[in-house]
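Enquirer: Go by the hints and put chain V onto chain X.
2 protein chains.
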Amino acid sequence: MDFSHVTVLGPGLLGGSLLKALSEFSPKPLIHAWAHRPETVARVAQSGCAQLATTDLAAAVAGADLIILATPVGAMPQLAESMREHLRPDALVTDVGSVKAGLSQSIPAALHGAATYIGSHPMAGSEQAGFSASSATLFQGATCIVTPMPAIDPVLVRKLSAFWEMLGMRTQIRTPQAHDELVAEVSHLPHLVASALVAHAAATPENGLSCTGPGWRDTTRVASGSPELWTEILATNRHAVSNAAVAFAARLLEAARYIREGDTERVQAFLTRAKQDRERRLDS
Amino acid sequence: MDFSHVTVLGPGLLGGSLLKALSEFSPKPLIHAWAHRPETVARVAQSGCAQLATTDLAAAVAGADLIILATPVGAMPQLAESMREHLRPDALVTDVGSVKAGLSQSIPAALHGAATYIGSHPMAGSEQAGFSASSATLFQGATCIVTPMPAIDPVLVRKLSAFWEMLGMRTQIRTPQAHDELVAEVSHLPHLVASALVAHAAATPENGLSCTGPGWRDTTRVASGSPELWTEILATNRHAVSNAAVAFAARLLEAARYIREGDTERVQAFLTRAKQDRERRLDS
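Taken in sequence, the protein lines are chains X and V.
Here my numbering is used: the first residue of the first sequence is 18, the next is one more, and so on.
Here my numbering is used: the first residue of the second sequence is 18, the next is one more, and so on.
Hints are computed from structural coordinates only; laboratory data are not their basis.
Only true hints are included.
Incomplete in silico selection of chain X near chain V, CB under 7 Å:
#1 T160
#2 H217
#3 A219
#4 G225
#5 T236
#6 T237
#7 L251
#8 A252
#9 A266
#10 L269
#11 A273
#12 I276
#13 T281
#14 Q285
#15 R298
Okay, the calculated bits of chain X under chain V, using three or more residues with CB under 8 Å as the criterion:
#16 197-210
#17 257-263
Glycine residues also receive a C-beta, built at the ideal position from the N, C-alpha and C atoms.
One chain only, chain X, in its complex shape (with noise of 0.2 Å):
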């Protein structure tokens, strides 16, 4: 790989996986792990998937190559500035959170110039969190959009695109916006909708949950998620994922008007193209 020492901040669900999957290469770069608390950094030290597993971000950036922020969003912005002054000068530093076109402005901002910054959002992840639900295979055929602003050096988009694929994903490249947008359809915009299905059932007359099935309980998987990491990622997210939910009721309003009206033919039309999308896709 193209990177030979590879800094991961926030060993999480998508942090650990990361560190565990990098652990596992050959030959293997060099690892650091940085976490905020100290009882992660002992998780992660007696995990043995990092060389150096430490809270001093100075001591867990200097000489990395590849920096990887995994933290919450909120707090990268401020973690990117703290380390700025102990980054080499070519280091490459991106990130794997969900939103985008906030991040590919503060980011950079953050490190005036210390370093180059690409996002990614490897699309992978479980409705469990924390460096104990991770895992080395986390990435093992996912997506991840990898996010450019116009002025990189496409050099730089390939060598970290390669960085992703030799996790064992598929890489796209979009700018920042138009990531947002898909993934406000194609994401956030499921998991708002998981949310409202499990709320809708809690609030029927009859107690809709006690006779929920394994159907049920498949749609709704992601609505365990963290509700703080969710809430960011809507809230960063907020128009283009309140226009997706405008944009679905209304498409959802229209087979509940065919129902109504007895037209089966519409109905089963609907239910047929899904089924196809929904395979083509996963046979893709």
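Expert: Just chain V now, with coordinates in the frame of chain X:
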């Protein structure tokens, strides 16, 4: 168990799973299976989970004290009429259909007093269909709603509930109408929503399908169910389903408004409540 001879009509996913679960009982009842197609009969016969597998309806039901209709809902009344002359007078007839109000009228009418009918809705299944997808453990831990009409002898209701409980299910008793309203909220609406989420992703100009993640895959899993089967279910329960969709859309748009307005406190409360309600359900 209280039944010594059980006949299953329609060995698809649910009917096949019933046959397989029953054939593991000890002591085992006499198990008959009826299917419309000779190929299906051959597959059931080969699996060894029924003492008799046949396309001959009279032979399949003769002597049975429990007959379970597991065909598509639309075929059930005709089947009930065709078998009524061959039933034991004390036979109990049930079914596994997802919508109950209509069947609670049409099946007794078709039986014409030849046997007692009580509806059942075992809330188990998967997006797959057919005998080949069936499994002896499909019902374990799931809920079965039993939907007797008011005039039915409670002793028979208890006997039928005990049957489903022996298959590992938790049972609830509701009127057919209450059942239909409830499953509109917790099963039919989530199916419609899942299909609409796929349609939504497929309609993005940026090809959203190409960058969906594991959350999307689970949220939309049920959209891979049979379009024919689900068109029938949604059409049969059309008023309750379309009402549920309208109420759900309003709930979703309310959450979207909080997001648009940057009311993170309400958004977080909404997500937190949904997570808690979901986990309360799964723990129970």
